[in-house]
Structures are given as C-alpha cells and as structure tokens.
Amino acid sequence: MATKNAEAYAAISKTYEWGFHSDIEQDFAPKGLSEDTVRYISAKKQEPEWMLEWRLKAFRLWQTMEAPDWSKLNVPPIDYQDAYYYAEPKAKPKLGSLDEVDPEILRVYEKLGIPIAEQKMLAGVEDLDDSGQPKRRVAVDAVFDSVSVATTFRKELEAAGVIFRSISEAIREYPDLVRKWLGKVVPQRDNYFATLNSAVFSDGTFVYIPEGVRCPMELSTYFRINAENTGQFERTLIVADKGSYVSYLEGCTAPMRDENQLHAAVVELVAMDDAEIKYSTVQNWYPGDENGVGGIYNFVTKRALCQGRNSKVSWTQVETGSAITWKYPSCVLAGEGSVGEFYSVAVTNNRQQADTGTKMIHLGKNTRSTIVSKGISAGRSDNTYRGLVRVAPTAEGVRNFTQCDSLLLSDQCGAHTVPYIEVRNPSAQIEHEATTSKISEDQMFYAQSRGLDAEAAVALIVNGFAREVLQQLPMEFAVEAQKLLGISLEGSVG
Amino acid sequence: MSVLELPSTREEAWRYADVAGIATAAALPRDATAIDPASLFLDLPGARILIRDGIVDESASDLGRVRLTHVAAAEHALGRRTAGPGWSLRLAEDAAADPVQVVHLATGGANHLASEIVLADDATATVVETYAGAGWSNRALSVKLGRAARLMRSVRFLQSAGFQSLREDAELGQGASLVTTFLGAGHAGSRIDAQLIAGEGTYTEYGGALLTADEQRQECAVRLRHAEPNGQSHQLWRAVAADRSAASLAAAVEVARHAQKTDGEQSLRGLLLHRTATVNLKPELEIFADDVKCAHGATVGELDARALFYMQSRGIPRAKAQALLTRAFVADALDRIGLDEVREAFVADADAWLERVL
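The listed protein sequences derive, respectively, from chains A and B. Per the UniProt record's numbering, the first sequence starts with residue 1, numbered consecutively. Per the UniProt record's numbering, the second sequence starts with residue 1, numbered consecutively.
No wet-lab data here; the hints were simulated from the structure. Quick caveat: nothing in here was measured; it's all calculated off a predicted structure. C-beta atoms are modelled at their ideal positions from N, C-alpha and C, and glycine is treated no differently. Treat the hints with care, as some may be off.
[Claimed, not checked] These stretches of chain B come out as covered by chain A in the derived footprint (C-beta under 8 Å, 3 or more residues):
| id | segment |
| --- | --- |
| 1 | 274-280 |
| 2 | 285-298 |
[To be verified] Okay, derived cross-link-like pairs now, EDC-like style, lysine to aspartate or glutamate, Cα gap no bigger than 16 Å in a straight line:
| id | chain 1 | residue 1 | chain 2 | residue 2 |
| --- | --- | --- | --- | --- |
| 3 | A | K72 | B | D351 |
| 4 | A | K242 | A | E290 |
| 5 | B | K293 | A | E276 |
| 6 | B | K293 | A | D411 |
| 7 | B | K320 | B | D291 |
| 8 | B | K293 | A | E441 |
| 9 | A | K72 | B | E12 |
The shape of chain A in the complex, shown without the other chains (with noise of 0.2 Å):
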C-alpha cells in the first residue's frame, strides 16, 4: 500500500507529461481529402489493386454518409479538408532492423517509456530472471503518425507461428488472411468513421496466432500522433485461430497543441473455437487544456467477433485523455457457449467529453458476458456510459451482468447511465445494476486523519472504485493505469 501511495503522490504532482512533439522531418500527403488522397495512401504503401478498390468503395461510401449525432457530445464541427492524412518520418527504417530507426523517433519512445530494443522493458517494472533479462517480455509495434517504425521480437514470435505485423506489411505479405477478414466484424459501412477509416487507414497492427498457441509474450501497439495537423487511422486486426490465446496492450499519446486532431481507428478481433483475446488500452490521447482547447477526438469502432466455440473476448480500457471520446468495445457472441466481458474505467476532467460503453450481442446459445463500467467525472466534464445487452431468439440460457458505476468530483459535471436491454429469448438472465454517488465526507474524513492530503485521499478513494477493471489490466499496464487516474484528477479537489 505504501507504494501505492508514495505513486499517486507522484502522479498527482504532474500534468500531461507526454505532450511534448519532435522534430522530425516527415512526408506528407497533401492537405484534404479526395480520391486522390486515397490513391496516394495506397501507392505509398505500396498495396496490390483490390485494396485500393476496396478503400475507393469505403470512400465513395463515406461521401454519401451523415456524421451521427445520437451520442451525449457536443462535437464542433470537423472541417475534413483541413487535415493531413498521410504523415510518415522521412527516415524510414529498413525492415527488422531496429538499429536503422530514426534515433529521434527512437529517443521519443525512449521519453515515453516504451522499449523499442528487445532486451528493454515497459516502464515501472522491474523483474529480471537469473540472466538478467526481463521475465515478463512484450513485443511492440510502434506507429508513428501514418507508419509503422519498428516491430519487436519477430523472430521468436515466427519461431512460434505468430504473426506479428504492421498492418500494410501484412498486406503484401499475408494478402490472403488480410482479405478473408479485413472488414468482416466491422463491415466498410458500419458508421461514418468506420468508413472513413476503411478509405484512408494508415497503418496498424495484424495478428495472427495459429490453431493451439499460445502467444509466448504480449503483445502491444503504441500509438504516438507527432505532426500537426494530422489525422490518425488506424486499423488493427487479430485473428485467434483455434484454441490459441493471446494478451494485446495498446496505447497511445500525442502532443499538446491547441487545434483538435482526429483519431479515427477501427479494430476488428476474430476468436475461433476456444480461443480467448485479451485486448486491453490505456487511453492517454491528450485531453487539450483546463479550456478545453485543443486534445484529440477519438472517434473509434472496436468489435470482436466471437465466431467459434466456447471462444472468448475480453475488452479492458482505461480512458483518460481525449477531448472527445466516441468508443463501444463490442462482442458479437456467435459461437454456443463464447464468452464476452468488458471493464472499463472512462476519467473525465477539466471540459472532456466521453460517450463510451459496450455492446454484448447474444447469437449463440449459452453465450455469457459481463460488463463492469466505472465512470468518474470532475471538472466541467461530461460521462455517459452507453451500453447495449441484446439477446436473439435462438439465443438459449444466455446469461448478462452488467453493472455501472459513476463518480461524481464537482457539482459541475454530469454522469450519465444509458443502457439498452432489449430481450427475445425467455431462457435470458439478464441483470443491470447501476449507481451514482460522491466521495462521502466519511471517507475523505478517515483518509485526511491517517495523514493523506485532500489529493492524495481522492486519488486513493479513486484507486479503489476502479480497482474491479484495473485488476484485470496486465502488470505492466496497471500501474501505468493507476498513475494515470492519479495525473487526470489533478486539481479537481478543493
């Protein structure tokens, strides 16, 4: 417990601390969004002809598309012609070859904490074996802007037949997987950022782990948005083949600058028969300014289908940065007897808005899934939680717990509860628990006369209504996790 403390000390004491940008001399697409644009992010990526097709068919798509506005944002409008969508580090690195990556963007991952060299570690953990080298290993893929820079440990990732790649690699290398699933759990037109994602997605990561393995380290995506002006699309795409199982950890940070960027992402999980995915995102886009001037829109789709037997998806996040998020981490429960869950912990401070929840489709029989949502608002901000249970017809004995629960720091933010149950299966057990409450003066009270100050009490108190979601990160993500709530309360007390 002391270390717990003595770190949201610490935590308390900063504010964003990887708002800082690089100069790093980059390409860029032209500013806007034609057809054009498209053709040039295909060619860039040096893609074969029905990948252009199919990003062509999103764009015309999205052209006759509206923006939704159904969500509990307030979204100003999003002149889609005055981005980039194309940014990539003009040294580009040679693939598999860690020692030809820009030194700059190597020391940005460096500042941020995330090991791009092997024998590194992410930071805040330290357990080596008897050799020295770290015990708990995770392979990176780390994108910078539009591009992929560097993936780690492929060799011994191949040696147990994962394929761990950025996603245009993967492209030209396993054009075949790509095609069988690109699109398949989020189809091109789902929503309008979907679509615009499938038009002009830059880069991400693909994962394939074959029939009976199980991946020997975890797996993670860093996102890191650089140049201003930029849009960020990413696609990332997994596929457990049967029996396998595999940990993902994505995160991301970008700069602090005072225009708002978009970040449009679209994530597809595909589990086969007894395959389990553990996806789990530490959310620190940067939130803008006490203000709410500037921060990151995230506006993305993630959906995993669970098409096999007995299959399994599990969806973690801790979403504390973003201006505006816009995110529904949802299971398509297909296969008798897959299993969903979803725990998130969605902070909200200073002017952030954050519309995010779940959707767990009940299609198969005996289909389970359980959501645990924590929300804690402060400053002038806004939560909602946004869920959705849906049981079909031939759906038997399915079985859903959800529970919600919201925190509220200020008089002058709101918490919101939007769940939609809707049931046509009898045989359905389906429970919704949901509660809104403040920190009591009791145990403020109980935390000050043990020798917390009012801070270190919240961030303690905090700690601990988020403890259901945060016990489900991995090690390496939790304490990053805990710090974070820590940092995005910052002077909401008092």
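Take the given structure of chain A and dock chain B to it, following the hints.
Same frame as chain A, but now just chain B:
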C-alpha cells in the same frame, strides 16, 4: 383520409415506438361498440365523464368540478394533434375533490382530446381513467401541482383493438406529490409518453404494468427531471410479454445541476412468457449534481424455475403456479394504487389478462 405524419423510429425517443401500429389503428373502420360504458365506471362517488370518440358525452356524464374548455396542446409530435376543446379539473387552495372517473370509449378511426389538471396549493385530487373500444385514442394531459398539492392517478388501457397514446406534461411545485399507476391489459398497442418536472422536496411515483400478448406492442417513454433539490422519485415498471408481442420500458431520471440531495430510483423488470416475445429496457440516468443518490435496477428473464418447481412439489399444477408467480410479479406495480376499489379493479383486469394468456 389525410396522410399521417408520425415520428420516425430513427429518433431516439421513438426507438421502440410502434408507429405503424398507430397508422393501422387510425385506419380502423368506425363500428358501433357493444360495450356498455356503465360497466367501466367503478363504484365510487364523484364525477363521471364519458368520452365517446374524443368528445365528451355530456348527457351521459356527471361533470362535478370538471369544466369543458379549450386546452392548449402540448408541443409534442402526437400531443399537438389534441388541440381544441377538452376537459379541465381545477381545484382551489385546500380543496379535496371526490374521485374523478373518466372513460374513453372509441369506436374506430382516430380521436384526439386534450385535458388539464391544475391543483392549487394543498389541494388533493384522485383521477381514474379507463380506455376501451377500438381505434386510435390520442390524449394529452397537462398537470400543474401547486405547493404540497397531491394527485393520485390510475390509468388502465383495455381497448380491444387499435392504439392508445398518451402524452403527459407535469410540473410539480414545492413539496407536491404525484402518484401515477398505469395498467396495459387490453388487446391494443399503447405508448405512454411523459415529461415530468419535479420541484423542491417533491415526491413522485410513476410506473405500472404493461401486459402484452399476440402481436401487441406497448411501451412507456418517461423522462423525469429533478429541477430542484431534495426531490424523491420512484419509477417502478413491470412488463410481461407473451406470444410475438413486445413491451418496452424507457424511463429516464435527470438531475439538474443544483438539485442536490435528490433520491431517484428506477426499477424496470421484464418477464418473457414465450420465446418469440421481446422485452426492451432502457433505464437512463442523467446526472449533473454531485450529492445525489440515484440507482436503477433492470432485469429480464423468465419465471424462476426453482420457484415453479417448489410450488409444483407442493401440489400446485404448473399452469396455476405460473399464474401465481406472474400475478405476484405484476402486483408489485399495482400495489401503489391508494383506493381499494381502484386497486382491486386493476388487479382483476390483470388477472383476467393472465387467465386469457397463460
């Protein structure tokens, strides 16, 4: 007949609405009804108002303190159609009226009627409404409660065909109390659409039971706004769906920025009797104040298999056991009715429905 302009289910507030059902109901041919309106009035003292196809039948009514007057229509997609002559119950300070019974008898086609209930400080009123017949009965009600005024209202939808839609706008003054209970136990579709604004220290109970069978679709869409501190509210809804029917419960609690010490509670529960039936629940919380106690619980499922087994092991036949458990499930919502005669009548209607469906 003119083309009906109805809201689209793409709009969030109309997501579960049976818009097509309204159009079908409006197109039902007019046909003399065999129902004797006298059978729909309960044995209570006080005013009795008979409304035939949206027009008050003065010869068959005893208006009591109710006045017939022009009532302004609500700004609402369906509510605004009711503009025109309507009925009004206005009570002066400290007044207490005998129960007012209103029977809406429809014989096909569409009919619209506006109404208002305005209670001055400390006034008390009880209103019981019954819908019967066939067609589209569209109603709007405006409620204004003064300081510490009390309104108890019970509404039952018993139409055999068509659609019953109700728009209610209520404003509760300081310390006022509003207790409203609905029962949907007929054959027709329904939509209860309400916007309640609760003042300081108010007490609100708003709920009921929607029982659906065959192709029927019934729903409530209630939004309760605590605009001032110290309010207390309970929204307790029960839905029972059989055959291919759908029951939808959408209830929202909104707590304004300075409405501290609000205690808002929602309990939405659905019971599915057949695998082709649907229950939709949307318990919504929208909270802007930090010192509040708000919670909601929502469950959907079938009857508890263990309870059924237990009762069967005690010699109760399965069908009877199902009926008993379902009755208990529905009774939760109807228990809130204060007047014994009214509660018993409502429970009897619910029992008749269960008898028919189970």
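Structure-based check of each hint:
1. Under the rule that three or more residues need a Cβ within less than 8 Å of chain A, the assignment of the segment 274-280 of chain B holds, with 7 such residues.
2. For the segment 285-298 of chain B, the proposed coverage by chain A is satisfied: 14 residues have a C-beta within less than 8 Å of a C-beta in that chain, meeting the threshold of three.
3. Between K72(A) and D351(B) the alpha-carbon distance is near 42 Å, which puts this suggested pair outside the 16 Å criterion.
4. Using a Cα cut-off of 16 Å, the hinted pair K242(A) and E290(A) is violated, with the two alpha carbons roughly 48 Å apart.
5. Restraint check: the Cα-Cα separation between K293(B) and E276(A) comes to about 38 Å, which exceeds 16 Å; the hinted pair is violated.
6. At most 16 Å may separate the alpha-carbon atoms for a hinted pair to count; K293(B) and D411(A) meet this at roughly 14 Å.
7. For the suggested pair K320(B) and D291(B), the alpha carbons sit about 47 Å apart, so the restraint of at most 16 Å is broken.
8. Restraint check: the Cα-Cα separation between K293(B) and E441(A) comes to about 15 Å, which is no more than 16 Å; the hinted pair holds.
9. Proximity of K72(A) to E12(B) is assessed by CA-CA distance (about 12 Å); at most 16 Å being required, the pair is judged to hold.
In this structure, the hints that do not hold are numbers 3, 4, 5 and 7, in rising order.
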